[in-house]
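> Heads up: the sequence lines are chains A and B, in that order.
For the first sequence, this note's numbering assigns the number 1 to the initial residue and increments by one for each residue that follows.
For the second sequence, this note's numbering assigns the number 1 to the initial residue and increments by one for each residue that follows.
No wet-lab data here; the hints were simulated from the structure.
Glycine included, every Cβ here is placed at the ideal spot set by N, Cα and C.
Be careful, since some hints might not be right.
Straight-line alpha carbon distances no greater than 25 Å define the calculated DSS-like cross-link-like pairs of lysine-lysine that follow [said to hold, decoys possible]:
id, chain 1, residue 1, chain 2, residue 2
1, A, LYS380, B, LYS334
2, B, LYS164, A, LYS464
3, A, LYS155, A, LYS167
So the derived label-pair ranges between C-beta atoms look like this [stated by the list, open to error]:
id, chain 1, residue 1, chain 2, residue 2, range
4, B, LYS183, A, ILE341, 17 to 25 Å
5, B, LYS222, A, LYS464, 42 to 50 Å
6, B, LEU269, A, GLU179, 50 to 58 Å
Residues from chain B shown here face chain A by an in silico Cβ test under 7 Å; the list is partial [what the hints assert, rightly or not]:
id, residue
7, HIS101
8, LYS229
9, PHE248
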Amino acid sequence: MKLSLKWLKEWVNVSWSSTEMVQKLTMAGLEVEQVESINDDTVFDIEITPNRADCLSMLGLAREVAAIASLNAKFPIIKAPKPVKEKVPIDIDKKSDCLRYGATLIEDVTVGASPKAVQDKLASFGIRSINTAVDITNLLMIETGQPLHVFDYDKIVGGKIYVRRAKANEKIITLDGQERKLDEGVLIIADSQKPIAIAGIMGGSETEVNGQTKRILLEAAHFDMAAIRRATRKLGIKTDASYRFERFVDVHQTYLVHARACEMLLAMVGGKVSKRHEVNYAKPSMAKPLKLTEDMIKDCLGAGLPMRKAKDYLSRLGFSVRQLGKALLVKSPTWRYDISIPEDLIEELARLVGYDKWPTTMPIIPTQNIPVDQTRFIMKDKAKSILAAFGIDEAITISLTSQKALSRCRMNGDEAIRVSNPLSQDGEILRTAILPTLLPSLVLNIHRGQKDVRLYEWGHVFTKQGEREQLLVLMTGRRHKDWRLSRRDVINFEDVSGLVMNLSEAWGVKWTLKAKKEQGWSEPHVQIFHDGNPVGGFGLIAKDVLKDWDLKMDGVWGLWIDVEAKPWKKPSPVFFKSLPEYPFTQRDLSLALPLNVSYEDIEKVCRTQSAQMLKTMDFVELYEGDKLPPQHKGYMVSLVFGSDERTLTDLEVNEMMNRIIKEVTLQLKAILR
Amino acid sequence: MTHQEQMSQLKEDLASAQGVKDLEQVRIKYLGKKGLVAQMYAQLATAENSQKARLGKEANDFKVAATQMIDEAANHLQARDEGAETVYDVSLPGVMMRLGHQHPISQTMNEIVDIFKGLGFVMVETPELENEFHNFTGLNIPIDHPSRDAFDTFYVEKEDPSAKGRKLLLRSHTSGGQVRLMKQFKPPMAIIIPGRVYRPDAVDASHSFMFHQLEGLLVSDKINFGDLKGLLTEFCRRFFGVDVVMRFRPHYFPFTEPSAEVDIGAEILGIGKKKWLEIMGCGLINPKVFDAVGYPKGRYQGLAFGMGIERMAMLKHRISDIRYFYENDHRFLKQF
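Same shape as in the complex, but just chain A:
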């Protein structure tokens, strides 16, 4: 809403400079976004918050300035209209749609161009001058916040006004020349045949007032907020009038603006009032007075305010204030729909005094807070450190995606939650996994020339089990950039499984890994289990999936973990374990194994055969050369034996090794190398 300084000065004798005006208005809650010079006027463009639709008028803004500046305002006095016997026929279909409809018929008018003063006033608000009649409706809308309309009465078939909802397929050509199709939701003004205006939004072109108009029907009405909102959305129209009706127009002021409009019209277009009618369904304002004390102000703002000062401020804003002992009884004016509790009044005082004038203190933060388990955040931090150490960058992608993206990842989108009002097809569903939204980032980097890409995202996904937190890692490219570290090596399976091991170790658990085929992934794809439950997986993204994403390459590894399943052990205090007193003995074990024997299998045998004395077992080397029998692979492992009670003798160790060798040979068909 704009504030014209020239106009303001007609009512309030404010002496501030432009800069002061900006400062004072902004710091009272009326943020000035722009200052313009239009003709000889200074116009301030103010952002009005939704609770202060009363400031969508010069009167409202002038009241504010008067209160801020502690000045008296001289507002125009509105004379009560002369009574008229004949009534304008008005039919309002549904009371709740239109609580007030005032109409005056003025005959024998001469509509022409408005005087320069009026044109300039409108120009300050960026409103084009049309003619004397229309200009007055716009001028008064700006002045009071009450939208008005004028009809060419002779174009109203039947001479009767109907306020009703449109019928399906009814049409109207509005003032801007556009034909609009209406439906049963839209509130219209109609004559006996057809719609003549979209109520509260825009008039029809057929009944438009111009230089040929002989009889004018003036409308000052109040329309249901919700009906207007629905109509503006449906029809896609937004006008100064609809803007006000959607937010707030004071139904108790409508008749006053009606009277003033009549007065001004008669002065401008001449003629005589022949009919008038005011339909009123509005109940009188039942606003309860609010009680305000100095203690209440102190409790809220940290300091008190003398009651007489409070009375002064509130009175200037239009409140009726009565002193009741040490308290004030404050009754809100009809245009302050935003006031319902004492705190609303305290805010008024706070901003008029100035937010910076109240004390600034440090709150007492309670030592007792709500019990919230922080484990998840601790585990997230641990994981993030490991991911950073592995050279993986954190990514954030938009959580909305498309069916197309899901199917490109070979994921089923049937159960995905659909967005009712998406902005585009790319954001039509909530992602069920992070892969469809993170893969595009990987692709973007590759297409922009990055060969070694490592990204992870820790975010929410929306599955049929509900909203879940997930971690996804995608990696491709060389292991190392540096020639000294054999840069030809690319990220491979063991890098991903190593990362998995680091993560599980940091989370204090040991996961079980099982090979499992999965759509969209090549073999081997691994499923991760925690306490017997599947909590994630990793492997190579299938080459045909990459092709669907425009990548002519291979070697993109992925790892995902369902964080929501909490695949960790809650951290507990770490207690020191004594360092071993007696030295350990290390032995290597080199075996040729059938291809289906697993590391796990060997470990099981070693542990069972060493009666708790096997301290650690490490994987040393994998051999696949031709010194092996056919269909065999070679593993070398390092076994470390020890006891807490004594140094193990060579004999004991040899005995254990022999048992191990015997059992791996027997159970696993291993051959000692």
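Start from chain A and add chain B according to the hints.
Positioned in the frame of chain A, the structure of chain B alone reads:
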């Protein structure tokens, strides 16, 4: 040759040895399998018994002396080589570890979270898929109300189990978390709620339909406007620097009363255009919100605040376009 003559020859040979290779030849000549010392020992076999002891001793003495001299010569050569100018290029790049970068949004979020944790707040996360009560009604934002415009929303095709006929939505602000937590817990509480929010705004350089917010909530027996100012002033000082210039400007939120927006003076960020930059909304919790969560009337007071993380990150790091955050181009991520 006599022992004397052999020693002189050795000395000569050593003197003329230029480097390691030459020295090796000398070593082989004297101490090698077919070297002089070996020959001397071989001669012992064919010597007369009476000469054997003497010849043997001579061979031993010579072997010891020769070994010593050759070793010394070797040491000298090494010392000479080391003392000589071996040129090292210390500016040759080392083998760096490739470290992953945390996303600038996470970094900014962590910075802000740490400040509030340091002041005694505890962090909580609440769901992104929300219902109307938490996101609107409980916050004094009735359905079909004009103030809803500011919170244009993405609805989803899933029914709200707690409200028949109503759909769930993607939260348009983290403020709904206030309602959730106040329903679940009794004061006192000092909480921060970071997370993603969604608004169907047209996407441009400063708007994305998904972004991040951080909500703060402090509820106890006595909290007043001064506490709100003090707390957020402290935050701004810690985040922007002790010299930050700031102001609390009256504003409107349905769920706070009085409400304010916090502006910081643009100078501290070195940004020329505007004088004041809005960074967050705040206020004392509106008693109507306390009513909605079932707290006894007048029993508690509280403050709440919320800020957009993308905005904070863009201001602090002078990032020109919000869309960089979600592209995840490595050349962008590695800058932070």
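> Hints the structure violates: just list their numbers, smallest first.
none
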